[in-house]
Amino acid sequence: MKTPPIFKAVNGLGLILLFIIFAMPFIWMASTAFKTLGETLTFPPVWIPETFQWGNFAQAWSSGPFLKYFFNSVIVTLFILILQFATIIPAAYAFARYNFPMKNFFFALTMICLMIPSQLIFLPVYLNLSSWGILDTIWGLILPFATSAFGIFLLRQSFMQVPEELLEAARLDDATEWQIIRKIMLPLAKPVLVTLALFSFIAHWNDYFWPLVMTTNDTARTLPLGIAMLRQVEGGASWNIVMAGNLLLVLPILIVFFFAQRHIIRAFVYTGVK
Amino acid sequence: MALIKASMEVEQRKAERRSLVSWANVRPYAMISPAIIVFCLFFIYPIGYMIYLSFHEWNFVSPTKEFVGAANFTYLLADRDFREVIVNSFIYTFASVFLTISISLLLALWLNRSGTIYSFMQASIFSPHIISLVSVSMLWMWIMDADYGLLNWALNLIGIESVPWLTSPDYALASLILVAVWKGIGFNTLVFIAGLQSIPKDLYEAAELDQTPPWRRFLRLTVPMLSPTLFFLTIIGLINSFQVFETINLMTAGGPINSTNTFVYYIYQNGFQFFKIGYASAAGVVLLVILSVLTVVYFKVLSKRVHYR
Chain A
1 MKTPPIFKAV NGLGLILLFI IFAMPFIWMA STAFKTLGET LTFPPVWIPE TFQWGNFAQA
61 WSSGPFLKYF FNSVIVTLFI LILQFATIIP AAYAFARYNF PMKNFFFALT MICLMIPSQL
121 IFLPVYLNLS SWGILDTIWG LILPFATSAF GIFLLRQSFM QVPEELLEAA RLDDATEWQI
181 IRKIMLPLAK PVLVTLALFS FIAHWNDYFW PLVMTTNDTA RTLPLGIAML RQVEGGASWN
241 IVMAGNLLLV LPILIVFFFA QRHIIRAFVY TGVK
Chain B
275 MALIKASMEV EQRKAERRSL VSWANVRPYA MISPAIIVFC LFFIYPIGYM IYLSFHEWNF
335 VSPTKEFVGA ANFTYLLADR DFREVIVNSF IYTFASVFLT ISISLLLALW LNRSGTIYSF
395 MQASIFSPHI ISLVSVSMLW MWIMDADYGL LNWALNLIGI ESVPWLTSPD YALASLILVA
455 VWKGIGFNTL VFIAGLQSIP KDLYEAAELD QTPPWRRFLR LTVPMLSPTL FFLTIIGLIN
515 SFQVFETINL MTAGGPINST NTFVYYIYQN GFQFFKIGYA SAAGVVLLVI LSVLTVVYFK
575 VLSKRVHYR
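The listed protein sequences correspond, in order, to chains A and B. Start counting the first sequence at 1; every next residue gets the next number (my numbering). Start counting the second sequence at 275; every next residue gets the next number (my numbering).
Next comes chain A alone, as it looks inside the complex (with noise of 0.2 Å):
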């Protein structure tokens, strides 16, 4: 059976409908970010600026400490990759491989934090982080994301996947559980720890919401934040270099998702689908 041209003209152009509303934005966010102040303030809007206002990133990056705020985005995402991994590995590992009195209630406590979101406890996590004294620091935002409940139940499922024959040969030629973990168990589990790592570093390279919440000042601020305090800094909205910020925020994260698109969307859809 053919198509009628006329599907096909109905599809092309609701293809051509879909792309504008979802790329316009981003082409909108683009352009604002070149213009000048007053080219913002036109109705009907302008396209193109006259001249390409590359000041305008320049003056984003200028009005906070943006090299502080990039540091800490860097090293409060890196540690936080790091320490899960950490913890996630042995973890996972016992629970798909050991049986232990209490494994169960262990387990379930595992499952009961996975569905227990930041946003639900924040506020009693805040007074305790500020009477252990770590409250405007990295490590108040780096400590409780330091293990993943979701990770460990990620990986525990890959890990009970290896066939038990494969770690009693193992075992046989005398291999430590350190060894059979890094040299069989991860080799096979690669897939769901880039799944992983792609998934916490995007999470926690965005994340507004827990460096807002748990820091009062400039030390342990990410860039999110910074971004986001652009909007007060002129008083009134200066959406040329807001934008221009939001690019710089917003550019590395597309630029590894067009080179990294597959793997991205495997990843999400696939801890979505699980």
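Source of the hints: derived by calculation from the structure; they are not laboratory data. Careful, some of the hints might be misleading.
[Stated by the list, open to error] Listed next, the in silico DSBU-like pairs over lysine-lysine satisfying Cα-Cα at most 35 Å (straight line):
1) B:Lys574 - A:Lys190
2) B:Lys574 - B:Lys457
3) B:Lys457 - A:Lys8
[What the hints assert, rightly or not] Examples of chain B residues lying across from chain A (beta carbon under 8 Å, computed):
4) Tyr303
5) Pro308
6) Ala309
7) Ile310
8) Leu413
9) Phe461
10) Glu520
11) Val575
Where is the CB? At the ideal position from N, CA and C, for every residue including glycine.
With chain A held as given, fit chain B onto it using these hints.
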């Protein structure tokens, strides 16, 4: 002699086994303990502390926490603002989940094809999902700007008058729902597509042999086979939407006149701006109950498996 030697050997073997056994016994606990400690410190204990605080009155600076029984909860129920918060949260949650899921399902049926154009479109609609909510909020605030925004310009082009998207209590919540739908559609669509692709092809071939009309094939075959995906996305959507905070904090700050105030923002306001820690905790406990109910429903149905056939 032989007897003593034998018994010594037995003893030695026992000791060996004991030390081996004891390390093997301890090892699992050692391996899970870092994670469990983090869970206890940052998840379990705070939940308990929040419940404790919800029965007390405290302003964060005073040295004593006064026990007030269930007073925070009775205030909460009598508070008109909080009633608005509950209504807003439910409208926001159900509207955004319903819209996101139904649009995504249609898009999935449409875009579930091979070819460069279709995979490009899938990636395009997915892109908002990986972008920071800060960027999304800022971008849409500018797009929804009443005077110079892109959206009003587009509306004017097709002859519709400008809308005060974020500045009018009649529109603000709907505007936030629109942003949530825009951000959420891509992820939901791709999960639906993954669900569609996991339906065995031979079922469709059989339906075609039976000359089942397409709409019937959709209702009797596609929908039932997609029901686990549909259920999963609905519950996850509900749980996530109940916790909406970022867009509200950045785009409307709960206003105008409380029209976009929702659960988490209300807790934030009362805790961090009004320093009513006990009161905010009580609101947190109510949210905990709602999320727990949703979670229990999720696992109940999951164990029964809304499943194939």
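Numbers of the earlier hints that this structure fails to satisfy, in rising order: Hint check: 11 fails alone, others pass.
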